[in-house]
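If you read the protein sequences in the order shown, they are chains R and A. Numbering of the first sequence is given in numbering that gives the first Met the number 0, commencing with residue 0 and proceeding in unit increments. Numbering of the second sequence is given in numbering that gives the first Met the number 0, commencing with residue 0 and proceeding in unit increments.
Check before you lean on any hint, since a few could be wrong.
What the hints assert, rightly or not - Restraint-style ranges between C-beta atoms, simulated for each label pair:
(1) R:Gln171 with A:Arg51: 45 to 53 Å
(2) A:Ala40 with R:Ile59: 33 to 41 Å
(3) A:Lys65 with R:Thr72: 48 to 56 Å
(4) R:Asn201 with A:Glu33: 33 to 41 Å
(5) A:Gln57 with R:Ile59: 52 to 60 Å
(6) A:Ala46 with R:Ile247: 35 to 43 Å
(7) A:Ala46 with R:Ala55: 43 to 51 Å
The hints are simulated quantities; they were obtained by calculation from the structure and are not laboratory data. Even glycine gets a Cβ: it sits at the ideal position worked out from N, Cα and C.
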Amino acid sequence: MSSETITSREYITHHLTNLTYGQHADGTWGLAHSGEEAAQMGFWALNVDTFGFSLALGMIFMFVFHRVAKRVTTGVPGGMQNFVEMIVDFVDENVKGMFHHQSKVIAPMALTIFVWVLMMNIMDLVPIDFLPKLGEVFGLHFLKVVPSTDVNITMGLALSVFSVVIFFSIKQKGLGGFAAELAFHPFGKFGLPINLFLEIVNLLAKPISLGLRLFGNLYAGEMIFILIALLPFWIQWALSVPWAIFHILIIVLQAFIFMVLTIVYMAMAFDDH
Amino acid sequence: MNINATILGQVISFSIFVWFCMKFVWPALIGAMEERKKTIADGLEAADRAVRDLELAQNKAVDQLKEAKQEAAAIIEDAKKRASSIVEESKDKAREEGDRLIVSAQAEIEQESNKAREELRTQVAALALAGAEKILERSISEEDNRDIVDGLAAQL
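Given the sequences, and given the hints that come with them, work out the whole structure.
Okay, here's the thing in structure tokens:
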């Protein structure tokens, strides 16, 4: 914000507003200048900041891993290969521990989720005002740096996972088997309407909880950083340093949970009840 | 906090990343890791085998050494026996030879003494005959008394 006398409320709102590109009320396309304006753009608008960061991080991830994969050696691995192999091995062990079927998709998907979500979460540790101030220099009014604090990003991931789960459920059990699972559980065929209701709620709870858990955790963490940033500058370190250290745990844990739940849902899709 | 097209963008990029990872990242990495695991396992197994082989070879060497020692001891024993038997044999031979020499010497001595005695006897007979001849020179002719003299000589 250019004004020198910004209130706490303005500061917080500013930090929680996405840089949104969409159609203005007057019909022209462009960046929204306030939260309200962004809301008026409706569905066909893009959060340039979070989506951009998420895409960039994903590309960095793919670039690094692909480079390592291309030059991979079966001999003594170098530093980067060692690091990548450690992550791959960790993911592979988790997948093998929870998922006992044959699938070419699940392990790469789990790896993508783990590393990508982890990278998106790590953006939370970048000092809160650093990138937004840098953005202001380039004329960007808003800049939300942490992609996983955007519900669109987390729900996008969760819905993707959910679609894959549904796809494999139907592929494994057939459309009839999948429907039967919804209809004849848990009360047998005489409780069909209740079964259907319960199972559909259960089914829909999966992606929602998956996406909102990640969003909630990171959003809350970001919020605390914003609140700490409101304190006088000479005392901020006393709170932000411990919170950042604690947050390292949250960051890894949330990425891990997202991956594990993906594997579990996939295992449920493959398992027969 | 608006739900907007970002969600679609995220779904699309996620699908692309997963596809990319599945195609170009995961198989190469996991393949290399599996191969390395196998190589290491093979190496460890080979090392184990080498240790076992070494132990076996050592045992064999010890056995062979023991055998060689036993053989050498047997050969030495044999040689000693042989040597003593040779010594014994030559001793016997020498003794036999000596005995033979003694016997032959004795026989020669006997022969010589017999010969001497014979000679002596003839000489004594001749002497006695000469004596008697001298005594009886005139009365008795040599031819008449020859048989008596020969009989005397035989009795000697």
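Taking the hints in turn, this is what the structure says about them:
1. R:Gln171 with A:Arg51: 45 to 53 Å: Given about 48 Å between the Cβ atoms, the range holds.
2. A:Ala40 with R:Ile59: 33 to 41 Å: holds, 35 Å
3. A:Lys65 with R:Thr72: 48 to 56 Å: holds, 50 Å
4. R:Asn201 with A:Glu33: 33 to 41 Å: holds, 38 Å
5. A:Gln57 with R:Ile59: 52 to 60 Å: holds, 58 Å
6. A:Ala46 with R:Ile247: 35 to 43 Å: holds, 41 Å
7. A:Ala46 with R:Ala55: 43 to 51 Å: holds, 48 Å
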